[in-house]
Amino acid sequence: MPAHSGPYGQVIEYIEDRLYLASYYTPPNENSPLPFRPVPPKSPSKRRSAVPPSPARGVKPVYFTVDDVVLYNAFHADFGPLHIGHLYRFAVHFHEVLGNPANKDRPVVLWTKPDSRSRANIACLVACYMVLIQSWPPHLALAPIAQADPPYMPFRDAGYSQADFVLTIQDIVYGVWKAKEETLCGLKEFSLEEYEKYERVDMGDFNWITPHFLAFASPQYEPVAPIPQNSPEFAALPSTISEVYASQLPVPFKNVLTHFASRNIGLVVRLNSELYSPSYFTALGINHIDMIFEDGTCPPLPLVRRFIKLAHDMISKNKGIAVHCKAGLGRTGCLIGAYLIYRHGFTANEVISFMRFMRPGMVVVATPPNGHQSKRLALGEIDTNEASPCYADENLPAPTPGQPRKSHRKDSRHHPYARAVSGTLGVDGDVGVQSMRTKLKNASRRSPDHGDNDSERRNGASPRTPRRAPSHPSTSSSVNITPDIHEDVENWVEGVNKVKSPSGTKSGSGVLGMAKVRSSPRRLGERSDGKVRKASGRVGSAGTVARVKAS
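Numbering (full-length UniProt numbering), first residue to last: 1 to 551.
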């Protein structure tokens, strides 16, 4: 699916001879040319195997745009991604274009303005449509736009500070696909009218993220103090949906109460300071709890654990959880995302992408203090990547000889905590080391004839007289290697005196040969104690082995 660039902007062939993505400075018409892929020349010897000309060749294309249908309501400098309501409207319009009998067998061109934001939004919308509605795997939905020139602009958060964290179209598509696989997102029971009504600030400002989680902005109504349940004031609070409609509450707060009571919300979690009285929820039989922490910060770990436990208990009772901070974006998305990561195995980028797809602006990412990124435990990530079966091979391209899969390499020698002496030198831990020390002591106690001076007798052998040195091929190389065995195990070859080239490793098997070090005998024989030779991408271990054995 190659991309074509012309005087009318870039044209990307998304589906061969059927769907194209393009950008134009001026609105195109049916007479605007469309650069098709060049037809390969026919071969006289392969007349039967020649590809017949496509019926779309020579047919005038159909141009349509949704720039005036899907409009993103920005908070500050953010521009996308477009939400699920935009996807629903695009799908309806797109199906009308495809279903028109006049457009049968005609190439359809979805065009947009040539600015970076419009191009990124439309490309992301089409890829999410293919994943969510047409059930394409994510890598196939991303393949046509993967090498677009110029590249698509990444999405930033809704904050006012500098955007140090961005999400790509790939993050959005994989987040939507993951939510679909976990049955957290779908369009069968989606109501566009309800979504567009309640996402407005003057109508309640809330969105369903998953079938069990609802995110909303904090209602504001005084008084804010809790009302005792045995007081006359509490008895006067509305306790049914009809009483809520008849009350004098503001319209946003009234919509929140009626929707929560009718949609089986069992718990409301408040993360910001008090702006309303929780007694309005408890009067309707809805539990209310405060988990307040400072805006722009990460919640404490005990608070996250408590939230996950409460949410899990509510979901097991088939009840919904409504979470809010002041705007229903940053702190709210942090806790909801923590549960989705815990329960469904999302990555951080996937869960942020999915939540922004359901409620734009969620999870405002703060800049780390002093501009320093958080330090990550490399060994811990290696353990997690080797032990976690969270990937699905059927959703990945077929492995190639140049791209071995990490899952094929299960050798314990590459595990950071399994690099023991017994697994590398073929001896039993302390027993092998003690045996080696005993042999060295016996060698040092031999006759003075074995050395020319006291220092040679103490060392047991002279490096200048290798013929008099005791021969211990199985342990002599372990004298200087044992303390540093954890530093370089991959290039260590056991039980040989010289480095050999691998003879039985198959290409693309995913297993790295332990003796894959291409070096000349001249280099192995050199004695350059102050130099380091690079072999097979690691600091020279083969030369170290040769020098120890030569000594």
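Check before you lean on any hint, since a few could be wrong.
As the list claims (entries may be wrong) - Taking lysine to aspartate or glutamate pairs in the EDC-like style, the calculated list, with each CA pair at most 20 Å apart, reads:
{"hint": "1", "residue 1": "Lys-188", "residue 2": "Glu-96"}
{"hint": "2", "residue 1": "Lys-104", "residue 2": "Glu-16"}
{"hint": "3", "residue 1": "Lys-326", "residue 2": "Glu-189"}
{"hint": "4", "residue 1": "Lys-113", "residue 2": "Glu-233"}
{"hint": "5", "residue 1": "Lys-319", "residue 2": "Asp-105"}
{"hint": "6", "residue 1": "Lys-60", "residue 2": "Asp-105"}
{"hint": "7", "residue 1": "Lys-104", "residue 2": "Asp-17"}
{"hint": "8", "residue 1": "Lys-104", "residue 2": "Glu-30"}
{"hint": "9", "residue 1": "Lys-326", "residue 2": "Glu-274"}
{"hint": "10", "residue 1": "Lys-113", "residue 2": "Asp-67"}
As the list claims (entries may be wrong) - Between beta-carbon pairs, the in silico distance windows are:
{"hint": "11", "residue 1": "Val-251", "residue 2": "Val-59", "range": "48 to 58 Å"}
{"hint": "12", "residue 1": "Val-59", "residue 2": "Thr-297", "range": "26 to 36 Å"}
{"hint": "13", "residue 1": "Asn-73", "residue 2": "Pro-302", "range": "30 to 40 Å"}
{"hint": "14", "residue 1": "Val-59", "residue 2": "Asp-313", "range": "56 to 66 Å"}
{"hint": "15", "residue 1": "Lys-197", "residue 2": "Pro-27", "range": "24 to 34 Å"}
{"hint": "16", "residue 1": "Thr-297", "residue 2": "Val-92", "range": "36 to 46 Å"}
{"hint": "17", "residue 1": "Ser-32", "residue 2": "Glu-189", "range": "20 to 30 Å"}
{"hint": "18", "residue 1": "Glu-196", "residue 2": "Ser-262", "range": "35 to 45 Å"}
In case anyone wonders, no lab produced these hints; they're calculated from the structure. C-beta atoms are modelled at their ideal positions from N, C-alpha and C, and glycine is treated no differently.
Which numbered hints turn out to be false for this structure?
-> 3, 4, 5, 12, 17 and 18
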